[in-house]
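Colleague: Please build the complete structure, drawing on both the sequences and the hints.
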Amino acid sequence: MAGLAAVPIIADSIDEPFYTVLFSRMLILSIGAISLNLILGFGGMVSFGHAVYLGIGSYVVGIGTLHAIEDGVSWMANGFIHMGIAVAVSALTALIIGAISLRTRGVYFIMITLAFAQMFYFIAVGNDNYGGDDGLSLYTRSEFYELLDLSNDNTLYYLNFIFLIVFLYFSHRLINSRFGMLIRGAKSNEKRMESIGFPVYRYRLVAFVIAGAICGIAGVLSANQTDFVSPAVMHWTRSGDLIIMVVLGGMGSLFGPVIGAVAFLFLEEFLSGITEYWQIFFGPMLVLIVIFGQGGIDGILVRLDKWWQIKKSA
Amino acid sequence: MLIVDSLVKSFGGLLAIDDLSFQVKKGVIHAVIGPNGAGKTTLINQLSGEIKLDSGNVLFDGINISGMDVHLRSALGLARSFQITNIFLDLTAHDNVALAVQAHAGHSFKFWKDASKDHELRQPALEYLQQVGLENRAEVVAGQLSHGEHRQLEIAMALATRPKLLLLDEPMAGMGPKESIAMVEILQELKGKLTILLIEHDMDVVFTLADKITVLVNGRGITTDSPEAIRKNPEVKAAYLGEENTDA
Amino acid sequence: MNWILLLEQTLNGLQLGILLFLLAAGLTLIFGIMDLINLAHGSLYMMGAYFAATFTNWTESFFLGVLLTLPACMLFGILLEIIALRTLYTRSHLDQVLATFGLILFFNEFVRLLWGPIGLDIPLPDILNGSVELIFGIRYPAFRMVIIATGIIVALLLYLLVSRTKIGMLIRAGASNRQMVSALGVNINLLYTIVFGLGAALAGLAGLMAAPIMTVEIGMGEGILILTFVVIVIGGVGSIRGAFVAALLVGFIDTVGRSFLPDILGLFVSNDVADTAAPAISSMLTYVLMALILAIRPQGLFPPKGV
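These protein sequences, in sequence, are chains U, Y and C.
All residue numbers in the first sequence are consecutive under the working numbering, ending with 314.
All residue numbers in the second sequence are consecutive under the working numbering, ending with 248.
All residue numbers in the third sequence are consecutive under the working numbering, ending with 307.
Check the hints yourself; a few may be wrong.
[As the list claims (entries may be wrong)] Label pairs and their in silico Cβ distance ranges:
#1 153(C) x 301(U): 50 to 58 Å
#2 159(C) x 6(Y): 41 to 49 Å
#3 137(U) x 76(Y): 46 to 54 Å
#4 63(Y) x 191(U): 54 to 62 Å
#5 128(C) x 50(Y): 55 to 63 Å
Rather than coming from a laboratory, the hints here were simulated on the basis of the structure.
Glycine residues also receive a C-beta, built at the ideal position from the N, C-alpha and C atoms.
Modeller: Take a look at the structure:
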């Protein structure tokens, strides 16, 4: 974590600001993955539509700044308002999607969340006023009065960093609270939870909404990072990427999603540096990880640690 | 306490429960016995709400619970244990019972306070573990407990929901003689404090514990009576001895 | 109202529905029998199109190309099942999602490497290139009629296969109760492989029929895959009959909605608003339909018995 805090300083000192941007993306996707981990890792809900909220957050910024610049409605560039609206719209969307899809189980749940995400994708594609398929370039980033100047990449980096820390702490509290115990219990044995008297559905729905709202914030940050908004941010493969990050990092561990997001982007950077066809390696890698790896990277570290302990004591 | 009135349930064309009626009085241990496939587990699943019934009524404490959801029945004071051990294997015994306490300690929209340090949950949970003799195993992960201990833990979890009526689905299944004796002692300890509906194969256990017995054969209740009367009942004997011959 | 257009769009909807059915029939069985969520089913569709393009090119005959494509797809599917998917049956749905997602990435990249990033076209033989006359002098492209006819024939054959043959009986039994089939002492691995191969051939058939009217391109299977999921969810997992009804329903609503919604909206709001709102709303139609059906019947229209 301390290492992450120093990234912009190091990047500036070696004159490679590119690294600040890369790590900034890692932080943002970490937040997205943390939010997904709440429902997927701890709650066992395989939502295949989580990128929708990234999209909602992004479009709030894109649409807001567009009107602020073109129509001169200056409050629409306000970052606090962006955050507020992104959280509200994401939460509401999650409430609707969750209310329908959480009534189902297993493959149904996966397919339905995926289908709804696709619906939002097509809405964005079909909306020509806001760029349709091509997307929108941001004229300006979200404005935070005199407090923050996001046009500076380093400032944005630290904003992302602070949000990451806040959400990490929040999810740490959440998963250990009564609410968190309930969500984890329902993942482990839903039937039993009902028989000891929990109305599981409504708690799951609340978890689903919380996860959506957090991811909405990640969307706001993401739009500011890339200065660009397009339907591609909520393409179904982005939802898949988020799942990969959560699983890669280790499901249901607090720092797992962060590890997963960092590893995912490093892999992408590294493999695409070797070959344009990097996914031809990444795809089968994924299959092998599923078949042979358990507990993701975090799990491997834990196992290595155990092995090391045994070796030391022997 | 519990009135079961003309219960019917069929799966496909197969009649699992056929016009079953009986009553369970408050404070007793009421056993349901019957040969394999008589519909005992189906009955428990219906009483706890996991299976919907086709027709008939179930009255619990004067309230008709026939169409009610599982968690609402639990809120009214109906708890059950499962025939196949059904606990949270990746949590400690203490956590398992604490969850059950939590289920009946108001709503769980509490997002901040650490539940594992919450005395309102932990303290009562420990007391329930004591009641079933598991207090020394409280911090062991449930997956590492023995089979007998799993069953004890199940009872502790059921007790933690502060039930008026406890449905026990073969609590002795798969237990060794020593573990069985311990379980009988636990149940005897509970006798009089709450009402228990017990399904059990081990006849010694049934006759030791039960105040009333209902005999279920092919989904029909052939009689409900005291243990002594059941022992002498020729119909019961025929049902048990001639299991293969009686063709419903 | 323009009745000729309506007829044409209805036929287009039917034709999309047929393609969806060919994809959904195999996929719903794979869900129902193996309890496997296979995202890579769309890749089989894509491979069908690419195989067809290549074989047509080699043999310089569309018909020979088709004849080669079907067994190739089946073989491809069987190999895929044996190499990669077989180990996934006992895994969690999450593992299956990840692994088959990985397969999609692989196949997309593989196709890009082998066939290049630019889309392909399949030239149709003259006999299929014209149009046929329906009633009252209304003409409709011949190839699209062929698609519809082929789809209906395949649906009938599938119906006969599933309802009249021994293997069909096993498939039906497997879709409603998996344990039962293994208890019957059937070679379950072989049954799975056959079902998968059948599903692959159907997906390939859909791909090769779609190829001449849409471009053959990378990722072509993904959008239609998600629409296929909608079909399966609506129809009920494991039900071929449900897949058929739902596929036609979705195909019809999607196509007709897209072409008539601007007009219908125009009756209520100004034309400008209708023109901008219509594309977004029409793309929502099928999903709203799905949501409505699920709200009423969470198991879909035709849930297999015994589940």
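Colleague: State for each hint whether it applies.
Modeller: We went through each hint and held it up to the structure:
1. 153(C) x 301(U): 50 to 58 Å: 57 Å, holds
2. 159(C) x 6(Y): 41 to 49 Å: 43 Å, holds
3. 137(U) x 76(Y): 46 to 54 Å: 60 Å, violated
4. 63(Y) x 191(U): 54 to 62 Å: 23 Å, violated
5. 128(C) x 50(Y): 55 to 63 Å: Since the Cβ atoms of residue 128(C) and residue 50(Y) sit about 57 Å apart, the hinted range of 55 to 63 Å holds.
Going down the numbered hints, you'll see the structure goes against 3 and 4, while the others check out.
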